[in-house]
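Position one of the sequence shown corresponds to residue 643 (the working numbering), numbered consecutively onward.
None of these hints come from the bench; they were simulated from the model. Yeah, the Cβ is synthetic: ideal placement off N, Cα and C, and Gly gets one too. Among the hints, erroneous ones may be present.
The list that follows gives simulated cross-link-like pairs (lysine to any residue, SDA-like), each with its CA atoms no further than 20 Å apart [what the hints assert, rightly or not]:
1. 945 with 800
2. 945 with 924
3. 800 with 937
4. 916 with 937
5. 944 with 856
6. 895 with 875
7. 910 with 926
Estimated spans, in silico, between C-beta atoms of each pair [stated by the list, open to error]:
8. 747 with 917: 29 to 39 Å
9. 807 with 913: 34 to 44 Å
10. 781 with 882: 18 to 28 Å
11. 801 with 761: 22 to 32 Å
12. 753 with 828: 22 to 32 Å
13. 877 with 922: 17 to 27 Å
14. 904 with 803: 16 to 26 Å
15. 770 with 917: 20 to 30 Å
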Amino acid sequence: MKKRLIPFILLLVLIISACGNKTIEEENNSSAPKEKEKETITYQSETGPVEVPADPKRVVLLSGFTGNVIDLGVNVVGVDVWSKTNPTFEEELKDVEEVSDESLEKIIELEPDLIIGLSNIKNIDKLSEIAPTVTYTWGKLDYLTQHEEIGKLLNKEKEAKEWVEDFKSRAQAAGEEIRAKIGEDATVSVIESFDKQLYVFGDNWARGTEILYQAMNLKMPEKVKEMALESGYYALSAEVLPEYAGDYVIFSKYSDADNSFQETETYKNIPAVKNNRVFEMSGNGASFSDPVTLEKQLEFFKKSFLAN
643 MKKRLIPFIL
653 LLVLIISACG
663 NKTIEEENNS
673 SAPKEKEKET
683 ITYQSETGPV
693 EVPADPKRVV
703 LLSGFTGNVI
713 DLGVNVVGVD
723 VWSKTNPTFE
733 EELKDVEEVS
743 DESLEKIIEL
753 EPDLIIGLSN
763 IKNIDKLSEI
773 APTVTYTWGK
783 LDYLTQHEEI
793 GKLLNKEKEA
803 KEWVEDFKSR
813 AQAAGEEIRA
823 KIGEDATVSV
833 IESFDKQLYV
843 FGDNWARGTE
853 ILYQAMNLKM
863 PEKVKEMALE
873 SGYYALSAEV
883 LPEYAGDYVI
893 FSKYSDADNS
903 FQETETYKNI
913 PAVKNNRVFE
923 MSGNGASFSD
933 PVTLEKQLEF
943 FKKSFLAN
């Protein structure tokens, strides 16, 4: 009787063992791809697919996009000089290193797992050897789509889209309130003095232009539309500024620029100046169009137009 049982017992042991091995093998096979998927994602960049970390921990930014990354809660370890000196990001970047596309050794020391920049940066091939490097062409995407694209890159597309929809809604509502107060036909100009030059801007060159003209649907003076809408900006002399000044003027002002034109009779006689409808905001940081900056600018416009 015992001899008859032995073959059955052995057979049962072999079956159990085989099933166990198969289960372990299936678990290993099924878990391996999942682990790999968690480690990296394939991002479709302008220059083709790039394998990037699914959860980046150390990002280097060489051409802005700083506020986009900060807004999405991703750690930044290195930034360009314009971001580093931008007062809007002073608190967030106080311990972050300043780098450039030529400071390769410094970037290596920072051990980034992702590098982001504009398509015109130098040493892209060398940077790509340090970490996955993704670049964007300036102005190819509008300011909101650009944030969504950064969201895709950082594997935070959902969060980026949620902010975009919420911001569009709030900016549109503020625009309706402002137009109701100043009139549907009232015009707004955005000017800036930088170094010794004076500029006027179209509807997509930061300084709050995207909010005013796109999101709020405020009107642009015809002369500004003619000279700056297509190119984005237009350099002009102080003598012809009255031709470009709207009923309201947003002045992106640098304290160290030549602002002597404000003391001339030509400037003082501009209706917007005489009616106290010139709203001055700091030029430092105004050239960005990321969520952190846009939120700050939206509040500034609401306060400026609606306070009185």
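Verification of the supplied hints:
1. 945 with 800: Violated. Residue 945 to residue 800 sits at ~30 Å, over the 20 Å cutoff.
2. 945 with 924: 15 Å, holds
3. 800 with 937: At roughly 19 Å apart (the allowed maximum being 20 Å), residue 937 and residue 800 satisfy the hint.
4. 916 with 937: 29 Å, violated
5. 944 with 856: Holds. Residue 944 to residue 856 sits at ~15 Å (cutoff 20 Å).
6. 895 with 875: 16 Å, holds
7. 910 with 926: 24 Å, violated
8. 747 with 917: 29 to 39 Å: 56 Å, violated
9. 807 with 913: 34 to 44 Å: 37 Å, holds
10. 781 with 882: 18 to 28 Å: The hinted range 18 to 28 Å holds for residue 781 and residue 882, with Cβ atoms some 26 Å apart.
11. 801 with 761: 22 to 32 Å: 25 Å, holds
12. 753 with 828: 22 to 32 Å: 52 Å, violated
13. 877 with 922: 17 to 27 Å: 20 Å, holds
14. 904 with 803: 16 to 26 Å: Violated, at about 42 Å.
15. 770 with 917: 20 to 30 Å: Cβ of residue 770 to Cβ of residue 917: about 54 Å, so the range 20 to 30 Å is violated.
Taken one by one, the earlier hints fail for this structure at numbers 1, 4, 7, 8, 12, 14, 15, listed in ascending order.
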